[in-house]
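A.B. asks: Since chain Z is already given, all that's left is putting chain P on it; use the hints.
2 protein chains.
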Amino acid sequence: MPTINPERLLGDLRTLRSFGATGPGVVRLALSPIDIDARRWLAGRMSDAGLDAQIDGVGNVFGRSRHAGPALLIGSHTDTQPTGGWLDGTLGVIYGLEIARALAESDDTRHLAVDVASWIDEEGTFSGFLGSRSFVGGEHEASVDEAIRCARNRDGQLLHDALQAAGLAGRPRARLEHGRHVAYFEPHIEQGGRLEASGHAIGVVTTIVGMRELRVRFSGQRNHAGTTPMSIRRDAGAALVAFIARMDDAFRALADADTVWTVGRIDLEPGSLSVVPGQADLHLQFRDGNAERLRAMEAALAALVREFDARGPVGVALATLDEAMQPVTMDAALQKHVARAAEAVTPGRWVHMPSGAAHDAQILAAHLPACMMFVPSIGGISHDFTENTADEHIVLGCQVAAAAAASILQEATGGRMVR
Amino acid sequence: MPTINPERLLGDLRTLRSFGATGPGVVRLALSPIDIDARRWLAGRMSDAGLDAQIDGVGNVFGRSRHAGPALLIGSHTDTQPTGGWLDGTLGVIYGLEIARALAESDDTRHLAVDVASWIDEEGTFSGFLGSRSFVGGEHEASVDEAIRCARNRDGQLLHDALQAAGLAGRPRARLEHGRHVAYFEPHIEQGGRLEASGHAIGVVTTIVGMRELRVRFSGQRNHAGTTPMSIRRDAGAALVAFIARMDDAFRALADADTVWTVGRIDLEPGSLSVVPGQADLHLQFRDGNAERLRAMEAALAALVREFDARGPVGVALATLDEAMQPVTMDAALQKHVARAAEAVTPGRWVHMPSGAAHDAQILAAHLPACMMFVPSIGGISHDFTENTADEHIVLGCQVAAAAAASILQEATGGRMVR
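Top line first, the protein sequences correspond to chains Z and P. Position one of the first sequence corresponds to residue 0 (numbering that gives the first Met the number 0), numbered consecutively onward. Position one of the second sequence corresponds to residue 0 (numbering that gives the first Met the number 0), numbered consecutively onward.
Keep in mind that the hints were calculated from the coordinates and are not lab data. Any given hint could turn out to be false.
As the list claims (entries may be wrong) - Stretch-level coverage of chain Z by chain P, calculated; a stretch enters the list once three of its residues show a Cβ under 8 Å from a Cβ in chain P: (1) 184 to 192; (2) 238 to 248; (3) 258 to 265; (4) 268 to 276.
Said to hold, decoys possible - If you want a taste of the chain P side facing chain Z, the calculated C-beta under 8 Å gives, among others: (5) E189; (6) Q190; (7) V208; (8) V240; (9) L253; (10) G263; (11) L272; (12) I377; (13) S381; (14) T385; (15) V394.
Said to hold, decoys possible - Using C-beta positions, here's what the derived DEER-type ranges look like: (16) Z/I377 with P/T21: 36 to 46 Å; (17) P/T82 with Z/P81: 47 to 57 Å; (18) P/G136 with Z/D321: 36 to 46 Å; (19) Z/G378 with P/A164: 53 to 63 Å; (20) Z/E391 with P/A298: 50 to 60 Å; (21) P/H366 with Z/L320: 53 to 63 Å; (22) Z/R170 with P/D308: 51 to 61 Å; (23) Z/P32 with P/A164: 24 to 34 Å; (24) Z/A302 with P/S197: 32 to 42 Å; (25) Z/D321 with P/D321: 36 to 46 Å; (26) P/T14 with Z/E297: 55 to 65 Å; (27) Z/E297 with P/D160: 20 to 30 Å.
Since the structure is predicted, the reported quantities are computational estimates derived from the model, not experimental observations. Glycine is no exception: its CB is placed at the ideal position from the N, C-alpha and C atoms.
Next up, chain Z with everything else stripped away, as it sits in the complex:
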């Protein structure tokens, strides 16, 4: 079994944290100057590890093993949310780097090929999952081209201009090489509180949940809040509140323990205390690992919208806010490799679980067998300055990931299994 170097691992994570460090958190938006600095540093660390490293034409950092395939591709992302944590995707990228080094340092495994990627803009500063979409191409080709031409960040900067400013525009884009990769593996922090609550150190991901984002709009009659009797009001806000109660009932009847739905935003128009709201919007997101359940929830929602709209006195209409995201099942054979590695390193302290958050792995999974592995998030917190994972868990997770990586590659190259 390869052995990782805890000090080197933690040292690299801490160095990367210094790029954009803000209090305990990190602000390192994709293609910002500090992100570019971090990518240059990362490419240097990949080169030090013996990988052929490049920053590609969209900002991906790609470290290619000099060994012939079949290679294991380990990746995640080093860009952050506007107020991000220090680990998030960074953990998986540095795990990949450390695993490439650890495998190269062991006689058993030095012949194995590990490629390491930091995909640009997973967080959607310009265009979510840009780097992994650019890498796999195919169904994403047109939308990536369009993003490079037209996508802007919150400040109105064009992606194209950001790439130009970073000296990356016109560089070739790293592309999936036919036949090279046996699998894609993405270690990540959990971003939830299940591992911590259940006392497990490792989560073996079964599915990345699918997602729907919808808006329900209620159209009533704006009126004076003093002079309009309750009996004749067409209060859009009151209809919205009544709707949510019924929607909760309908979703609860369809849900299992992993189903989640969230009303993240409510807008009442005009939003004045003295005015009965004439329009009200609820912004809804729901996620589940089961595509059929997602469809059933959407159907139940649509039925409820029709019922409320038909009954009046407030009109109700449903609109889609974003493309539906289908659930993505992780490769079963890969899950077994990760589970066996976890059991070997930390017996009984691992568990199968879905990923409630979206990840680059769902993009790669359409093109390569893919799997993910989680380490615990303290307090379940992520996308926040206070996001953290115990050093012990960071180190243990990397050891499990290294063992899993060796196992996957040894099986693919006909070598013996790592147990």
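C.D. replies: What follows is chain P alone, placed relative to chain Z:
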């Protein structure tokens, strides 16, 4: 009975509409240049009517009869909301002007004293009810002084600077003269849809309802909407929705047909689809003509806040947004004068009703016997460009108001009653 001149009345209303006309509506914010122009025009029309007219040190237009008292004070306001209608308070001011003229033109009534006021800033561009508060002084003295020093409009302009720019700063303020006024009378558009719905032409106001404005804040735990299972969430928005349902039940149990409550605004923090809201605010207003019912509603609300807060998992706290406004009962004897005048002019087409909106009359009522009279609002709409009242109702309302005014004054001066 005095006879009003419909053409003169409608002509003055239409001329005043031209100051700030915007489509069918009017934008004439208190002390804006166009409002000052309108005040100068109004003062001129008062002088033409034989009143001693002045624009005072806060912008009130006050037209004082040259007759000795006891005088009837008729007033309302000619400033508008940011997107206001053409009638609103303007109607009552021009009614006052026309009534002063009509009484002066009839042998029976030419000796009677009618003073006419357009109170500044009823709508609160700088400080709500500024003009009527300045006029009565007393408990409002300190807050009016403070407003003149410190109040600003939305553009950040100081009231003091606006008065200076209008050449009004330092002028004496019109003040309630001890013993002069027998009563205050404020005709107004209804601003609701009851008169129209019931086919009545005149509303005799019984009470100006009291009002509470409160905020209920829910404090939960902000979390990732994908990775946080429903079972462990502390969703502030979900708690808010559940609270509103219970609050509606509690208020419905206490309400009569005139009680109104409105959730005009809901804020979920951070307001993102992917984040379980960590904080949620509901902004609530309720109004009723009965002070005891208002207290009971506030107590029910507070009890519900305590119940939800104690039960968790989301903390709940109540905050007052504005000073409680007590209901103000209109003078019973004055109501009889108005009711008799209405019955004489338009038999069977008048009704007693509360005022759901606030008016300068509630300020005056603490110092003078006061009453109000409503004419129908088409579609119940006000504070909107489309606000309107049929010409027939405008004219009829002024005739009723003139008859009521003569009746009030003749009784006060020992003359015969107008029937």
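A.B. asks: Sort out which numbered hints this structure fails and list those numbers smallest first.
C.D. replies: Numbers 9, 12, 14, 15, 16, 17, 18, 23 and 27, in rising order.
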